[in-house]
Amino acid sequence: MKNNTLITLFTLSFLVLSCDNSTGPDLEPLVVQLAEDVIADPAVIGPDGRPTGSGRYTLYSLSENKLILSSEETDPAVRQADSASTKWDIGFNATTIIINGGTSGPGAGVAQVLTQAFQDVVSAPATGYVADGSNQNCPGIQTPAGSFPGAPYAICTGSGNGWYNYDSNGPLITPIAGRTIVVRTAAGQNYAKVRILSYYKGSPADPDPLADESRYYTFEYVLQTDGTTNLSIE
Amino acid sequence: MRRFFASPHIFLLILLISTPLPSQYEVVAGILRSSSSTRSEFLVSLPVSPIARIESEVDTLFYTSKKQVVVTATRNEKALEDLAVPTTVITRRILQENGSSRLNEALLTIPGLTLFEDHGAGIQMQGFSPEYTLILLDGEPVIGRNAGTLDLRRLTLEGVERIEIVQGPTSSLYGSEALAGVVNLITASPNQGWNGALGMRYGTHQTSDLTGEMSYGGWKGGLRLLVNQNRSEGYDLTPTQFGMTSPAFIDYTVDLRANLTFGERGKMKLGVRLGMEDQAGTFAIKGPAGEKRYHDTGTRNEWSLHPEFGYRIGERIKLTTTLYGSSFTTDVLQKEKSTSEILYEDRFEQQYYKTEQKITVLWNSGHLSIAGGGWIQEKLAGDRYGSDETEDLIATSGTFGVDIPSVSNPVATQWFTYLQHEWIPGKKFEANLSGRLDAHSDYEHRFSPKLSVLYRFSDRFRIRGSIGTGFKAPAFRQLYLSFSNSIAGYSVFGSTTLQKGLQRLVDQGQIELLMVDFYTLEAIQAEHSIASNIGFTLEPFSELKTRSLIVNVNLFYNDVYDLIETQPVAQKTNGQFVYGYFNLAEIYTRGVSADIRWGYSPSSTLPLGLSRIEIQTGYQFLQAHDQQVLRDIDRGIVFGRAMNGQDYRISKTEYSGLFGRSKHMATSRLTLYNESKGASISLQGRWRGKYGYRDRDGNGFANRPDEFVPAHAVWDLTFNKDHRITESVAAQFVFGSRNLASRTYPSQIPSLSGRQLYASVKIRM
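Here the protein sequences come in this chain order: A and B. Position 113 of the first sequence, counting from 1, maps to 112 under my numbering, and the rest follow consecutively. Position 34 of the second sequence, counting from 1, maps to 37 under my numbering, and the rest follow consecutively.
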């Protein structure tokens, strides 16, 4: 609800600004788009009493702001067809986020996580992107014997390494403030900035780890479709 | 070591060492010259009959008396004003005037101390959570902690003569846990002849406290037996939701203290304590499928036995042998309300045995040494401890922790030795150097030194400085845990069980990825600190009878190293991790506490027959920070998500530090006395500035308004009246109210119930 209001505000402010702005009539207005409750393989209680996921990914298109393949889809043929396409840009399974490219898909998608507030990322950086499978900079899993290499996803996995923090007392997954994911889409031309807002169904303001279902992403993003790196919404 | 030289402590150390020695030594031959009576007390206490000792017992009015005796700070009797470390004493009189019946209530009144609720009512001292404060009963440790907290509600104040609180690390005398400080409950000695007392107290939440006491004191010794029952029906601050905020309980304490003098030189003391508690509560767990309701019952059984033998050789040497044994057992059972299906069951058992030999040598008027050593054995039994089969049983049972027998009992042994030397070259200057070595079977040896000095500019002004180290042994779970969560599928091992546990998981083919070579793991270290305390006491009217003013100020700085946290050591085939405990984090706490006490006893009584007025006010400024967070803030990678959804970079000044720490805290107390009528009325307030209690934006500390408990004050009012019924029978009435304004924060401070009223009567004969 809050985020809808935000978008309305952003849109309104843009309309107001565009009235004053007579010099750039060609620019398409950039808006913050919202994706709500994107399913990401919710865990079910297995025969051993243990909540487990299926391991299937949900695939999502930023260009269309729509679900391409749900983690609930079990037909291998459908899954194979969609996974092997460049229709999707970003994928989700539990806390892991994949980008269509590298080891994850046939696309030209790459990404990086910026330590910068979402609103402050006004243009996509020129460098620094990596494809899934080739990220050598993921913080390792810290062990007493030293750092153990993390999985080489473009968006590093593990608490505190990528987009979330894990609090074992909840247990609760909380998006880290000030982390902005910048993605190049599967088609390889456009950039988008993404901010994860919630990992729980309904995006509750105060998630209760026992009552609220996890593995449902709510995120906002700004997609630049003109091929430039401009990501400013003002 | 390099860290140490880079720290602020080094400046204090240099300052302490370079303190100018007094130019004029004033030593009176034969008798130690000191501003207090404690040295002569040392000399006469043993050879003279217990009567003399009882009669020489100091006035407990610690505001006016110059001779409040403290034993905790130096393991020897010493006047409060002669101590070089920040020390507070709560006397029987203050306990009575505050209407305190359990230890947690009493400690709250001390400036800078605040309640820290985590699996029980613990105390926060110098910004440390409860596991870093050692709790003693007549000098011996009270055992039985749950998640690090020793529930102070277990300890009745009946039979307690005074509570001594030493702030700052005292591991150089007491070893583990004395990192933030030490709280020592001193029981009262029996008075002369046969005495009895009966106390009754009743109040809100059907809380009652009943005490029966019988004592006998004679020429050769004394004996006191005390029985206390404390109960409450509990309370519920959120009646619209199922589940009690605080459970109903009934608690019993039986306490026996005896002392006997034999011959000219020998003395024996005995302390026996039994404690029992039954608890019953309810709670609900909300799940996606709705709410499930549970009964929660718990029992606690504990005992301690504390014989002590003192023997004097000549005029200057005293030998003390202490034996101490204690046992603590808890059982917890949580059952679904209608089906009685067991959700959780846990049994925990701890035993502690100690033998200690101490020698006190008064070399001459200016030098006093104490040396001691001993041996400790601790035994544990619990569903989650041990190793070997326990873990597999848990892993294969449907819900964790159900019907798991205790199959292994970790046993730890430890020896220790300590030495303290007090040097009192004259009446202006005193120094105390102490050190202790603790060698434990399951973590690395620790040596804890401490140096403290006192300098008296005059009777009205003295300064204190101390620098020392403290440590806390790894908690039992950090040493001995062997636990697999069958729901989530992860495993956690203590440092002693890790190698075996991991090996077994490997053998069973449960390990996908091994991240450490577990044969090369180093032994875990105790968490340890270096701390400085520097302060002064100002008594401008020290010679006046009608007016007294005491100003105490203390600055403290604690650097804490090697805090123990979990780290993954392997990944299982189910994708979950295996965790071990390792020395990782660093924090510091620093601040200043100040306390002003003002007393006025006019020569002629005031209106309403008021004969004395006392006002006390205290304040503490505190910062408790995690060094890693500060480094991350420096790197600019720490953000918050504001209430409007925008992210913003956090600066050092916006960092609120560890949860549960108020930057500002204050206490105040106003007491009016009508001494001729034996009446007093006391108003006490405690104010806490806002403090963080949860994190909602993933940065690990509080920065948004909804992550803080707001600043608030709690007021208590107590009315006391003594009434002499006959020559030998006296009654004491107390009426009081806790939390006068009925302030509550149900979800944030469940331990703060609404307004409570109570009345009590105690009859002594």
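Treat the hints with care, as some may be off.
With a straight-line cut-off of 30 Å between C-alpha atoms, the simulated BS3-like cross-links for lysine-lysine are [what the hints assert, rightly or not]:
1. Lys295/B - Lys200/A
2. Lys575/B - Lys200/A
3. Lys340/B - Lys200/A
4. Lys666/B - Lys693/B
5. Lys70/B - Lys295/B
These are calculated hints, taken from the structure and not from any lab test.
Checked hints:
1. Lys295/B - Lys200/A: This hinted pair holds, its Cα atoms lying about 21 Å apart.
2. Lys575/B - Lys200/A: holds, 28 Å
3. Lys340/B - Lys200/A: Roughly 29 Å separates the two Cα atoms, so the pair holds.
4. Lys666/B - Lys693/B: Between Lys666/B and Lys693/B the Cα gap is close to 8 Å, so the pair holds against 30 Å.
5. Lys70/B - Lys295/B: violated, 59 Å
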